[in-house]
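**Student:** In order, the protein sequence lines correspond to chains A and B. Last residue of the first sequence: 392 (the working numbering), numbering continuous. Last residue of the second sequence: 526 (the working numbering), numbering continuous.
It is possible that some hints are incorrect.
With a straight-line Cα cutoff of 35 Å, these simulated DSBU-like cross-link-like pairs (lysine-lysine) come out [as the list claims (entries may be wrong)]:
no.	chain 1	residue 1	chain 2	residue 2
1	B	Lys-351	A	Lys-204
2	A	Lys-350	B	Lys-476
3	B	Lys-326	A	Lys-200
4	A	Lys-350	A	Lys-204
5	B	Lys-326	B	Lys-351
6	B	Lys-326	A	Lys-172
7	B	Lys-425	B	Lys-326
8	A	Lys-172	B	Lys-425
9	A	Lys-392	B	Lys-476
10	B	Lys-476	A	Lys-200
11	A	Lys-204	B	Lys-425
12	B	Lys-476	A	Lys-204
13	A	Lys-350	A	Lys-172
14	A	Lys-200	A	Lys-392
Hint data in this document are derived by calculation from the structure and do not stem from the laboratory. All of these numbers come straight from a predicted model, not from anything done at the bench.
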Amino acid sequence: MRQIWLGANAVFRESVRDRVPYSIVVFAVLMIGASYLISQLTAGQDMKIIKDLGLAALSIFGLLIAVFIGVGLVTKEVEKRSVYGLLTKPLSRAEFLLGKYAGLVMTLAVNLSVMTLALYAVLFYSNMQAPAGLRASWEAPGVDPRMLIAIVLIFAELMLVTALALFFSTFSSPLWATLLTLGLWVAGHFNSDLRNFGAVVDSAPAIWIARVVYYVIPNLAPFDVKAEVIHGIHVGARHVAYTLAYAALYIGILLTGSVTIFGRRDFK
Amino acid sequence: MPAIETEGLTKDFLVGFWRPRPYRALDALTLSVEAGEVFGFLGPNGAGKSTTLKLLMQLIFPTAGSARILGRPAGDVSVRRRLGFLAENPYYYDYLTAEELLTYFARLFGYQSTEAKTRVARVLDQVGLGAERRMRLRSFSKGMVQRVGLAQALLNDPEVVFLDEPMSGLDPLGRRAVRDLILGLRTRGCTVFFSSHILSDAEALCDRVAIVAQGKLAASGRLDELLAFELQGWELVIADVPAAMLAGLPARFPGATTLSHGRVALKLAPDAEPDRVMSGLRAEGARIEALHPLRHSLEDFFMEHVRDARPRATGLS
Numbered sequence: 125m126r127q128i129w130l131g132a133n134a135v136f137r138e139s140v141r142d143r144v145p146y147s148i149v150v151f152a153v154l155m156i157g158a159s160y161l162i163s164q165l166t167a168g169q170d171m172k173i174i175k176d177l178g179l180a181a182l183s184i185f186g187l188l189i190a191v192f193i194g195v196g197l198v199t200k201e202v203e204k205r206s207v208y209g210l211l212t213k214p215l216s217r218a219e220f221l222l223g224k225y226a227g228l229v230m231t232l233a234v235n236l237s238v239m240t241l242a243l244y245a246v247l248f249y250s251n252m253q254a255p256a257g258l259r260a261s262w263e264a265p266g267v268d269p270r271m272l273i274a275i276v277l278i279f280a281e282l283m284l285v286t287a288l289a290l291f292f293s294t295f296s297s298p299l300w301a302t303l304l305t306l307g308l309w310v311a312g313h314f315n316s317d318l319r320n321f322g323a324v325v326d327s328a329p330a331i332w333i334a335r336v337v338y339y340v341i342p343n344l345a346p347f348d349v350k351a352e353v354i355h356g357i358h359v360g361a362r363h364v365a366y367t368l369a370y371a372a373l374y375i376g377i378l379l380t381g382s383v384t385i386f387g388r389r390d391f392k
Numbered sequence: 210m211p212a213i214e215t216e217g218l219t220k221d222f223l224v225g226f227w228r229p230r231p232y233r234a235l236d237a238l239t240l241s242v243e244a245g246e247v248f249g250f251l252g253p254n255g256a257g258k259s260t261t262l263k264l265l266m267q268l269i270f271p272t273a274g275s276a277r278i279l280g281r282p283a284g285d286v287s288v289r290r291r292l293g294f295l296a297e298n299p300y301y302y303d304y305l306t307a308e309e310l311l312t313y314f315a316r317l318f319g320y321q322s323t324e325a326k327t328r329v330a331r332v333l334d335q336v337g338l339g340a341e342r343r344m345r346l347r348s349f350s351k352g353m354v355q356r357v358g359l360a361q362a363l364l365n366d367p368e369v370v371f372l373d374e375p376m377s378g379l380d381p382l383g384r385r386a387v388r389d390l391i392l393g394l395r396t397r398g399c400t401v402f403f404s405s406h407i408l409s410d411a412e413a414l415c416d417r418v419a420i421v422a423q424g425k426l427a428a429s430g431r432l433d434e435l436l437a438f439e440l441q442g443w444e445l446v447i448a449d450v451p452a453a454m455l456a457g458l459p460a461r462f463p464g465a466t467t468l469s470h471g472r473v474a475l476k477l478a479p480d481a482e483p484d485r486v487m488s489g490l491r492a493e494g495a496r497i498e499a500l501h502p503l504r505h506s507l508e509d510f511f512m513e514h515v516r517d518a519r520p521r522a523t524g525l526s
């Protein structure tokens with residue numbers, strides 16, 4: 125556990141000193157700020173637009189960090205051969221990999237926290253500026269703590285995407301790992317359509333393949349409750365708990381696969 | 210118990226994209242290194258030296274055979290606490306300072322903060338980087354990174370140190386420092402296994418050597434056993450040679466070579482009695498500049514074995 129913690133710290137330190145995630149977060153914060161200006165153009169809808177753009181920024185910029193840094197975590201170490209220095213220390217390959225994963229999750233947590241604070245700051249300011257009559261017409265409070273439910277699920281989704289990126293990077297090139305991760309992220313958001321494939325297609329093998337694909341690729345649609353939160357629709361505790369449990373299971377399987385593949389790999 | 214032993218260690222790599230076929234990088238290497246020895250693992254580029262070191266550190270897995278270090282199978286995580294390893298042309302994290310990198314490694318060895326700090330300061334001083342300890346590694350030259358690599362290999366006072374081409378990228382001063390460092394390790398009873406293709410280093414440092422060529426062990430043993438130390442002949446250098454004498458030298462001394470500034474190098478047989486030859490040459494007006502005994506060098510031995518190695522098979526049966 126200590127070795128994993130040390131590895132995670134090193135990844136976190138690398139991320140803090142690397143300008144790429146910094147610039148992504150700064151850009152996201154700017155975008156959240158800009159959402160206030162955009163909202164001024166649409167009378168009555170301003171709060172929804174700020175929330176919508178803010179949560180989308182959190183999700184997309186978090187995704188960029190998870191994919192691009194997640195893929196580079198292992199591939200960079202192997203390509204530049206810095207992995208030799210680490211794997212010849214009292215550190216198992218599993219600890220090495222889990223440390224990398226934990227470090228990036230820590231980085232994501234800090235980055236998401238910064239973006240969340242920025243979003244709430246903009247919401248707080250807009251809420252103060254809005255007349256009482258307008259506030260009363262909103263479907264959800266301006267500074268709505270229930271938005272944190274959406275953010276927690278975005279974080280869980282990003283943890284899953286990070287595990288995907290790490291998994292692909294244990295056996296493929298950085299380009300392939302990036303494409304596969306992004307591809308699965310897109311497919312994961314439309315995964316639910318595969319479940320109902322039988323309703324539109326007659327071919328039994330096609331239905332069977334669609335069903336297998338449905339169960340294999342991650343189902344990411346349940347992680348997206350942005351619309352519900354923005355419109356003040358109740359998100360059940362059971363949905364959140366099931367989604368988090370699904371994320372934990374999927375991440376567990378991906379990390380087990382990553383450790384197994386990485387454990388047998390030759391570093392030429 | 211030997212510090213390092215390998216038994217039939219073999220490694221095949223798959224080469225080719227469409228129809229991958231095995232390429233034997235190391236073929237049934239069996240050797241044993243005793244505790245406290247400085248062991249030179251020599252061979253030309255591509256001979257299988259780095260492959261062997263990576264197998265010993267289990268950065269790659271053997272196709273066949275086995276390796277043991279300090280009595281434990283290679284790759285045993287617990288035994289790594291007692292080992293040091295320097296990779297060829299090492300690379301570390303650009304964003305860390307030398308001190309931070311070594312502190313991270315020291316913590317991986319299980320040292321607490323204060324102990325880690327003390328060790329880091331000590332090894333950085335040892336490799337001559339004490340003043341640069343707070344500089345980011347991205348600003349380091351190749352030679353400085355090599356020194357950082359040496360420092361991290363010594364951090365845990367290892368019982369066995371593996372060094373892959375430790376002199377690579379170092380200037381003459383750096384090479385001398387590494388030689389002294391290896392000699393220091395030997396003095397404190399550490400086993401040093403180092404690969405090199407620089408024979409003078411091996412000749413100066415090693416108790417025993419092994420020569421690999423084309424993935425196979427070509428020879429191994431104590432230096433004084435491997436090299437024939439009996440006299441091979443003499444090289445006599447003369448100067449101020451009178452013109453009349455110069456013309457006749459090739460006939461009297463076959464293999465005579467003209468050097469710069471009118472000097473001539475003569476090859477004498479082992480039983481040529483150099484005193485008598487020198488008196489004669491002086492009497493004819495030449496000046497004696499130098500007399501060297503000729504012995505079999507490690508380089509001669511190396512060339513013989515590397516030349517003799519059979520071409521490597523591209524396919525395997």
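**Student:** Now, for every hint given, state plainly whether the structure supports it.
**Tutor:** Checked hints:
1. B:Lys-351 - A:Lys-204: Satisfied, since the Cα-Cα distance of roughly 14 Å is no more than 35 Å.
2. A:Lys-350 - B:Lys-476: violated, 91 Å
3. B:Lys-326 - A:Lys-200: With a Cα-Cα distance of about 28 Å, the restraint between B:Lys-326 and A:Lys-200 holds, given a limit of 35 Å.
4. A:Lys-350 - A:Lys-204: violated, 40 Å
5. B:Lys-326 - B:Lys-351: holds, 25 Å
6. B:Lys-326 - A:Lys-172: Distance of about 53 Å is beyond 35 Å: violated.
7. B:Lys-425 - B:Lys-326: violated, 43 Å
8. A:Lys-172 - B:Lys-425: Given pair A:Lys-172, B:Lys-425 is violated - Cα atoms ~72 Å apart, limit 35 Å.
9. A:Lys-392 - B:Lys-476: Roughly 48 Å separates the two Cα atoms, so the pair is violated.
10. B:Lys-476 - A:Lys-200: Roughly 57 Å between the alpha carbons, so the hint for B:Lys-476 and A:Lys-200 is violated.
11. A:Lys-204 - B:Lys-425: OK: A:Lys-204 and B:Lys-425 at ~28 Å, within 35 Å.
12. B:Lys-476 - A:Lys-204: With a Cα-Cα distance of about 51 Å, the restraint between B:Lys-476 and A:Lys-204 is violated, given a limit of 35 Å.
13. A:Lys-350 - A:Lys-172: Given that 35 Å is the threshold and the Cα spacing comes to 11 Å, the pair holds.
14. A:Lys-200 - A:Lys-392: holds, 14 Å
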